[in-house]
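2 protein chains.
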Amino acid sequence: MSGIETLQQSFEAYFNHRHFPTFPATLYDPLEEFLSNSGKRIRPVLCLMGNELFDEIHQDAYHLAAAVELFHNFTLVHDDIMDKAPLRRGKPTVHSVHGEPTALLGGDVMMVVSYDYINKIQSPHIKKILHLFNKTAKEVCEGQQLDMDFEKRDHVSLEEYLTMIQLKTSVLLASSLQLGSIIGGASDFNQQHIYEFGRNLGIAFQIQDDYLDAFGDPTKFGKQVGGDIQSNKKTFLMIHALETAEGEMATKLKESLLQNDVNKVEAVLAIYKACGIDKWANELKAEYLNKAMGHLEEMAVTKNRKESLIELAHYLISRDK
Amino acid sequence: MSGIETLQQSFEAYFNHRHFPTFPATLYDPLEEFLSNSGKRIRPVLCLMGNELFDEIHQDAYHLAAAVELFHNFTLVHDDIMDKAPLRRGKPTVHSVHGEPTALLGGDVMMVVSYDYINKIQSPHIKKILHLFNKTAKEVCEGQQLDMDFEKRDHVSLEEYLTMIQLKTSVLLASSLQLGSIIGGASDFNQQHIYEFGRNLGIAFQIQDDYLDAFGDPTKFGKQVGGDIQSNKKTFLMIHALETAEGEMATKLKESLLQNDVNKVEAVLAIYKACGIDKWANELKAEYLNKAMGHLEEMAVTKNRKESLIELAHYLISRDK
Chain A
434 MSGIETLQQS FEAYFNHRHF PTFPATLYDP LEEFLSNSGK RIRPVLCLMG
484 NELFDEIHQD AYHLAAAVEL FHNFTLVHDD IMDKAPLRRG KPTVHSVHGE
534 PTALLGGDVM MVVSYDYINK IQSPHIKKIL HLFNKTAKEV CEGQQLDMDF
584 EKRDHVSLEE YLTMIQLKTS VLLASSLQLG SIIGGASDFN QQHIYEFGRN
634 LGIAFQIQDD YLDAFGDPTK FGKQVGGDIQ SNKKTFLMIH ALETAEGEMA
684 TKLKESLLQN DVNKVEAVLA IYKACGIDKW ANELKAEYLN KAMGHLEEMA
734 VTKNRKESLI ELAHYLISRD K
Chain B
434 MSGIETLQQS FEAYFNHRHF PTFPATLYDP LEEFLSNSGK RIRPVLCLMG
484 NELFDEIHQD AYHLAAAVEL FHNFTLVHDD IMDKAPLRRG KPTVHSVHGE
534 PTALLGGDVM MVVSYDYINK IQSPHIKKIL HLFNKTAKEV CEGQQLDMDF
584 EKRDHVSLEE YLTMIQLKTS VLLASSLQLG SIIGGASDFN QQHIYEFGRN
634 LGIAFQIQDD YLDAFGDPTK FGKQVGGDIQ SNKKTFLMIH ALETAEGEMA
684 TKLKESLLQN DVNKVEAVLA IYKACGIDKW ANELKAEYLN KAMGHLEEMA
734 VTKNRKESLI ELAHYLISRD K
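Protein chains in written order, with the working numbering: chain A, 434 to 754; chain B, 434 to 754.
By construction, these hints were calculated from the structure, which means they are not laboratory data.
Treat the hints loosely; a few may be bogus.
Since copy identity is lost for identical chains, a pair holds within one copy or between any two.
[Claimed, not checked] Straight-line distance between alpha carbons at most 30 Å, and here's what the computed DSBU-like set of lysine-lysine pairs gives:
id, residue 1, residue 2
1, 685, 706
2, 473, 553
3, 754, 739
4, 553, 712
5, 585, 517
6, 666, 706
Chain A extracted, bound-state conformation (with noise of 0.2 Å):
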């Protein structure tokens, strides 16, 4: 079995290529710019872990890994538009520097050339890849549109949150999975365990996230800490501490949200603490990690096998950044 850094090396070897023509290059240019600019490629990750669980790799799993690879990118870029981001990967996002026309136009095109990646595949499951593939992308939609709703909302239950999340961050992840496990000739009862263990790994990636941007090291995270309290962004943290905090640490929270000063941050931070909202985050997170665990523990498959998704989960899980 292929660890993490193995398997991103050897997707890079398989997708580091011009993946558009080059005529028109004010449509093609920015998007082989932005492609190049790589993220830590981990769902494509996922996806040739996903076939190896259960066979050796096969080409088709890097094509579907691509595709992966693709859409996601597909909606960074179109998300930065309608989320007005000035920098994604700390470089100024493709809107800001080529237009959103081109940007919204770019990332269309993208999400069709993620499509052709599809149709390279030889698997005879052609026709379940293809419908799992749109299921998710329709999923990720959904999510990206709960996320704007809510941010005009005033209040956001958890569950909702939870509903939001899954569908813009999970599904992506479990689905990556699974495809490769489609590859990898895996039974329907493997398939579902893998996408569970996805799905639920995913909500605790997010929970980290959130985590991240209140608790964690400014000299690690890399993005301003407390981004997320300066903006009122409604976080796993943020809603259960509207919903947990009682009398005078309640009124304190609201009346914080209402600030906009430097003390924004240390204050609600302050309460976090004050509620145990720090504590209550790492036992949520330890909980879906449990649960993600559990379901590849279920899955029927030599426990050697299983090593290299288990070091996954710890890594997305223990990042610092």
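Put chain B on the given structure of chain A with help from the hints.
Frame of chain A; chain B shown alone:
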């Protein structure tokens, strides 16, 4: 062989249902509304005709026709964002009612759902179909990018405009026909000819579009006559006028482009007439229509099967609105 109206009705009967889930309504309801405000369904009709030219219409052709129609509508929603268009089919555009983020995301999910319809196809030629669909989708995006690029340029040659318009308009008409013909079991030879028929017809269609904007009957046209002239749009007519006008005419035309007063349209139309641009446009249209008909004749299919396509070609080219 079925006529245009019969096929429009039979497509409508298949297509006229909910295409998206009900949740989140903020994402999906605007799309249902947009789709119900239907256009002429030209592309689905072409797809069905492409099938019927070779065989009885198969259920697969309806799925493909729906995919093409959804793809076309997705491009309209996104184009309207890029062009900042306030109206489409006489109603406010999706982004002007629901905001740009929802229109952007809605377009995305509409594109994904077009691939859901492709996945319903039972044909053994699914790979060829997906390849052609993707190729066309990329070309349409390239055409839109070129169109935006041209807006920023002073000079565009007729050849460049032709390239742009083929990508933006013709290839989807051509592909709709070819996709249907694949379902009908057409040979590669016939597929190529039906594609070329559609591509040339598409160019003639666009010349008619440009012609109507300048010389259309205001009581029938539905849009403001001279809109392209008013906004200095580089159309077939304007490009040819700029390329052929000489001496005083050339000076007058260039002066008109710098003006923005009420007499602009009138002044440019007078130049068009003096230079015989209207006659030239009609001849050019006839030339492409002839090329299209030549490809139809080449097809190894009995003459009576071709009648609906001839009817459709004349319908598209002779329209006055």
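Going through the hints against the structure:
| no. | hint | in the structure |
| --- | --- | --- |
| 1 | 685 with 706 | within (13 Å within a copy, 75 Å between copies) |
| 2 | 473 with 553 | within (24 Å within a copy, 34 Å between copies) |
| 3 | 754 with 739 | within (25 Å within a copy, 64 Å between copies) |
| 4 | 553 with 712 | neither (47 Å within a copy, 49 Å between copies) |
| 5 | 585 with 517 | both (16 Å within a copy, 24 Å between copies) |
| 6 | 666 with 706 | within (18 Å within a copy, 62 Å between copies) |
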